[in-house]
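Trainee: The primary structure of each chain is shown beneath.
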Amino acid sequence: MIQEYTNDVWVVSEQHEGKLRPVSFELLGIGRKLSEKLGERLAAVLIGDKVSDLAKPLAAYGADKVYLLEDDQLRRYTPDGYTTALSELILDRKPSIVLFGATIIGREFAPRVAARVQTGLTADCTGLDIDDEGRLVQIRPAFGGKLMAMIVCPKRRPQMATVRPNVMKKSNPDWSREPKIERVEINLTPESTRTKILDVVKEVSPETIKVEEARIIVSGGRGLGSPENLKMIEDLAQVLGAAIGGSRAIVDAGWLPHHQQIGQTGKTVAPRLYVAIGISGAIQHLVGMQTSDIIIAINKDPEAPIFKVATYGIVGDLFQVVPAITESLRKAIAKRN
Amino acid sequence: MNIVVCVKQVPDVLELKIDPVTHTLIREGVPSILNPFDEFAVEEAVRIKEKHGGEVIVLTMGPQQAREALLKCLAMGADRAILLTDRAFAGADTWVTSYTLAQAIKRLNYDIIFCGKQAIDGDTAQVGPELAEHLGIPQIAGVKKVDVDPQNRKVIAHRETDEGYEIVESKIPVLLTAIKGLNEPRIPSIMGILTAKKKEMKTIAAPDLAEDTSVFGLKGSPTQVLKVFTPEPRTGGVVIQSADPNAAARQLVDFLASQRIISLEKEEGAQ
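Residue numbers (numbering that gives the first Met the number 0), protein chains in the order written: chain A, 0 to 336; chain B, 0 to 270.
Hint data in this document are derived by calculation from the structure and do not stem from the laboratory. Any given hint might turn out to be false.
[What the hints assert, rightly or not] EDC-like, lysine to aspartate or glutamate: derived pairs with alpha carbons at most 20 Å apart: (1) B:K170 / A:D198; (2) B:K218 / B:E231; (3) B:K197 / B:D78; (4) B:K170 / A:D79; (5) B:K105 / B:D207; (6) A:K145 / B:D18; (7) B:K226 / A:D130; (8) A:K195 / B:E231; (9) A:K64 / A:E177; (10) A:K201 / B:E168; (11) B:K153 / A:D79; (12) B:K48 / B:D148; (13) A:K55 / A:D173; (14) A:K18 / B:E162.
Model, not experiment: these values are computed from the prediction.
With the hints as extra help, turn the sequences into a complete structure.
Mentor: Laid out in structure tokens, this is it:
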């Protein structure tokens, strides 16, 4: 049975309102490496409505083939519609590996598919490789990043994983590659989608960078003193092209919405750069960000635990230091241009 | 409304330490707690029951010790508890955990299944959606507001998205996963704690659910852990104590440039 599942490495290319998620390109990068090791092709699966334009960038970033699953029922993500569309294709074409981005949608869509096609799924992988037996080896953090686990799926197929954004490298695009598109027939009726989206409420603009997929995050904590001082965080984030996060303290105080909370009961993030401003570094916060590449901490208390994990710390008055950093960055960038 | 809440007893991850010699997790002496996300689920289920009537059943799979977590749920207002406990259940991955829960839940009369969005030890957020699929019912994951309409047998929930939220309607039965912000879980009262001990707590073993118990636990898990290891412990780096914020800022900018965080080249366009 599992021997039949040797037909390509698949990456599910999540799009939202006609725009591909950044992690989709990262998945193509790692997918390319895995497919080359296996001697298989790399296919992207594109789900949505009128999204065929996105096949071109998927090919440029490494997809040998693009499965196009278009239907007006698939315009927005619904668990039923997406699961049915993808699961039927998996059972029909039998890929060896299917990768998803560990986004809000990927993290709830992938398990539904795994249960339907009766295979294993590993969440939030930060490392993927092929072992000597040709199996997908999946590495993921557990217990708030205190342990790493190496996981395989020996007896079921396909091997499925969600992959944490910002970890895998995307390839250099080759825009001369023409996409090979295969349109897949979808059999969905309005009844086959049991949840109905009544309304979509946008609290931030689509251009706002999300903490889950940000390369840089600037986060504020209690040390900011009052909500007006978030302006300082916003200014720095704007110069750096960063997403804005916060500690539990300021989210509970209502300065920032819950979806921007970093830490145990909020989001777990691992950006290239995490700037912690006025955050003491309670363990609840650290488990949500301590696997970031570079951590910069700015705090007036030299004993603050955040300095124990910071790559670069500045002990000082954040009300002076943060505007000075923003200003220095502005000058450096102005000079560059 | 009959509501089943799936909960998990987890080690208090914040208290976990790594043995410096063996590089393994030290579990001894680490307190076990009710998974924080599950508290939101239990609280919401009890509120729905208080408003619309019905019964709240809490369900967990775990060792005998997991009774403590169930007792807390009963003290918060759940009516009865079910503990799935058996050696054959041990070592289960998310797929088989959700499969096992589904086998037990299929025997119950339910309208709504509630789960916490994820457990703080594994952090996968997979059991809820996988359970919904095993049961063949719709799901709304990551809800921060729920309204139940018993007359029309439907729920309307606010589901968190990257940009805000969607208002989603589903027919009952449905599975919902709870996130922070859904409610403020109550602290059990003395009365609640006392009455909890008198409430029904039923135990279910593997043979009660299947003749062939190798479908459960480690044997029934599609994924296998090859090994666990500890990442390089993170240590503090450079710390500047500068009286001059401008000098500190300039040094930091140089550092960011050296790390290629800010670069002179424009990033290649993705699309």
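Trainee: For every hint, state whether the structure bears it out.
Mentor: Going down the list of hints, with the structure as the test:
1. B:K170 / A:D198: Cα-Cα ~16 Å, so holds.
2. B:K218 / B:E231: violated (32 Å)
3. B:K197 / B:D78: Since the Cα atoms of K197 (chain B) and D78 (chain B) sit roughly 10 Å apart, the hinted pair holds (cutoff 20 Å).
4. B:K170 / A:D79: Holds, because 13 Å separates the two Cα atoms, which is no more than 20 Å.
5. B:K105 / B:D207: holds (13 Å)
6. A:K145 / B:D18: holds (11 Å)
7. B:K226 / A:D130: holds (14 Å)
8. A:K195 / B:E231: violated (46 Å)
9. A:K64 / A:E177: holds (9 Å)
10. A:K201 / B:E168: Measuring from Cα to Cα gives roughly 18 Å; hence the hint holds.
11. B:K153 / A:D79: holds (17 Å)
12. B:K48 / B:D148: Answer holds: K48 (chain B) to D148 (chain B) is near 12 Å, not above 20 Å.
13. A:K55 / A:D173: holds (10 Å)
14. A:K18 / B:E162: holds (14 Å)
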